[in-house]
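Undergrad: Here are the chains, one letter per residue:
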Amino acid sequence: MSHVDEGTLHAYLDGELPAAERAQLEAHIADCVPCRERLAEERGLIERADRLLALADLPAGHTHRPAPAPVESLRRRPRLVVPAAWAASIALAFLTGWLLRPTPQTTGNVVDESKQIAAAVTADSPVPASSRDAVAPATRSRASAAHRQPAKASGDSLAVEAETSVVPVLKPGVVENAGRPALRGAAPAAIPPTTIAARPAAGAPGYSQGQPAEGQLERRVIGTTWTAIAAGPARKVLGTDVAQIPGIPVRDILQNPLVPGQVMVEQEVAEGTVVQLLQSAHLDTAMMAYSSGGSPLQKTVGRLQVRISGPLAMDSLLKLLDLVR
Amino acid sequence: MPDDLADVYRTTYPALVRFLYRKVWDAERAEDLAQEAFSRALAHRPENPRGWLFVVAANMARDEARKAARERRHLTLLAAEPQDQRPSPEEILDDEARRRRVREALDQLTPRDREVLLLWDAGLSYDEIAAQTGLARTAVGTTLARARRRLVEAYGSGSEDVRVAR
Numbered sequence: 006m007s008h009v010d011e012g013t014l015h016a017y018l019d020g021e022l023p024a025a026e027r028a029q030l031e032a033h034i035a036d037c038v039p040c041r042e043r044l045a046e047e048r049g050l051i052e053r054a055d056r057l058l059a060l061a062d063l064p065a066g067h068t069h070r071p072a073p074a075p076v077e078s079l080r081r082r083p084r085l086v087v088p089a090a091w092a093a094s095i096a097l098a099f100l101t102g103w104l105l106r107p108t109p110q111t112t113g114n115v116v117d118e119s120k121q122i123a124a125a126v127t128a129d130s131p132v133p134a135s136s137r138d139a140v141a142p143a144t145r146s147r148a149s150a151a152h153r154q155p156a157k158a159s160g161d162s163l164a165v166e167a168e169t170s171v172v173p174v175l176k177p178g179v180v181e182n183a184g185r186p187a188l189r190g191a192a193p194a195a196i197p198p199t200t201i202a203a204r205p206a207a208g209a210p211g212y213s214q215g216q217p218a219e220g221q222l223e224r225r226v227i228g229t230t231w232t233a234i235a236a237g238p239a240r241k242v243l244g245t246d247v248a249q250i251p252g253i254p255v256r257d258i259l260q261n262p263l264v265p266g267q268v269m270v271e272q273e274v275a276e277g278t279v280v281q282l283l284q285s286a287h288l289d290t291a292m293m294a295y296s297s298g299g300s301p302l303q304k305t306v307g308r309l310q311v312r313i314s315g316p317l318a319m320d321s322l323l324k325l326l327d328l329v330r
Numbered sequence: 506m507p508d509d510l511a512d513v514y515r516t517t518y519p520a521l522v523r524f525l526y527r528k529v530w531d532a533e534r535a536e537d538l539a540q541e542a543f544s545r546a547l548a549h550r551p552e553n554p555r556g557w558l559f560v561v562a563a564n565m566a567r568d569e570a571r572k573a574a575r576e577r578r579h580l581t582l583l584a585a586e587p588q589d590q591r592p593s594p595e596e597i598l599d600d601e602a603r604r605r606r607v608r609e610a611l612d613q614l615t616p617r618d619r620e621v622l623l624l625w626d627a628g629l630s631y632d633e634i635a636a637q638t639g640l641a642r643t644a645v646g647t648t649l650a651r652a653r654r655r656l657v658e659a660y661g662s663g664s665e666d667v668r669v670a671r
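Chains A and B are the protein sequences, given in the same order. For what it's worth, the numbering used here labels the leading residue of the first sequence as 6, then goes sequentially. For what it's worth, the numbering used here labels the leading residue of the second sequence as 506, then goes sequentially.
Be aware that a few hints might be false.
[Stated by the list, open to error] Residues on chain B that point at chain A, a partial pick, calculated with CB under 8 Å: (1) Tyr518; (2) Ala532; (3) Ala570; (4) Ala573; (5) Leu611; (6) Tyr631.
Don't read these hints as lab results, they were simulated from the structure. Built from N, CA and C at the ideal position, the CB exists for glycine as well.
With the hints as extra help, turn the sequences into a complete structure.
TA: Right under this line is the structure:
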């Protein structure tokens, strides 16, 4: 074996040399003093380069933002959802037309009738959930998780896949507002049109105290679809009363369908500023679910994990969070 | 994806931010871009989220750098003082000054060498780096060797004092 080139030495030192080559190199090095010296040199070089790169790290004290989850996710995408609904309705119109296509025996009346049906469906946007059921699942490649409702999942999927370039920059303190009262800064989510329609405006008077919307509210939290439940069932899930901050309207109570005994209460402190209380029948599951973010806007009070987000400055939010006892 | 993307987030996010920081040199901006990359991943659900994230992040950082370069040209016209001032001895001990020197040294690498070095430092394997840059796997080691040598040399030639401080 001739002398080892530096690329191979670096691959070796990086632990990236395939086993056969590694054995060859080690055998060679054992006998070759110059190569051994070069190996030591290259090791020193790698260490110096690593040290230099470490100097170019993020400024000390920099804290990472939480994920675009865990509590991601309330993002309205009406302009993405509506085209999807239109696409579905057009597809349905064609399907209806094809099914009712005139056979040789039929008369012109039947053709007219089918056109009327097709026109009625097309004009009806957003499409009724039932028609989305019929059309949307066929357009999805992803298998629907068992816990999701088909209509919900398909609308969601259409919305998500329709998105190519419109991506939010998620940042605590920045509110995305798609024509409704801003709910939360840190969060993209696809809320299907039916859900939006069924939901009263957040923070609206009278929408409070553990009465989530009737219309099957669901929210995606790191890929899991949380379902809105009422205070009664939530108490059953937890085996105890649902914790909440007194005097602040409860926006939603959501249940984690994957982790038994986990409930999240969302309360709107002010318009757009939301406190989330994650409560768990078992403390450790709550910790596990929420340990990934490491946000400063998150703290643990007893068995509760509290997160806050909103359009306010970071320090204001921190102060608010501080008030939570 | 979702659950494994959550895992990827936990294991990769800090590295991704660091990777971006060394491209845009602004911590907040790096966070912005990393968040955006993850949002895109949530929407696109790529098969190999980790590699995908770094590709997307690198592209975003490149666009960002082009924009910054345009702005800098304007600023340079306005700036009366020469930009390349030698740091004073006090500054040398300062993190910020050292960071700047590393940045300048990194700037002297070719884009490909720099990319490979930063990807390796971000925790990607040779295979992942090869897939991402189009290099042959065997060329990754050679590229890394060259990139490391140039980085160390460029940093060392910047200032004698800095070498002592190191």
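Undergrad: State for each hint whether it applies.
TA: Evaluated hints:
1. Against a cut-off of 8 Å between C-beta atoms, the interface hint on B:Tyr518 holds, since the closest Cβ of chain A lies about 6 Å away.
2. The closest approach between the C-beta of B:Ala532 and any C-beta of chain A is roughly 5 Å, which is under the 8 Å cut-off, so the hint is satisfied.
3. A hinted interface residue such as B:Ala570 counts as satisfied when its beta carbon comes closer than 8 Å to some beta carbon of chain A; here the least separation is about 16 Å, so the hint is violated.
4. Of the supplied interface hints, the one on B:Ala573 is violated, with its beta-carbon coming no nearer than about 17 Å to a beta-carbon of chain A, more than 8 Å.
5. Taken as an interface hint, B:Leu611 checks out: its beta carbon lies about 7 Å from the nearest beta carbon of chain A, inside 8 Å.
6. A least Cβ separation of about 4 Å between B:Tyr631 and chain A falls short of the 8 Å threshold, and the interface hint therefore holds.
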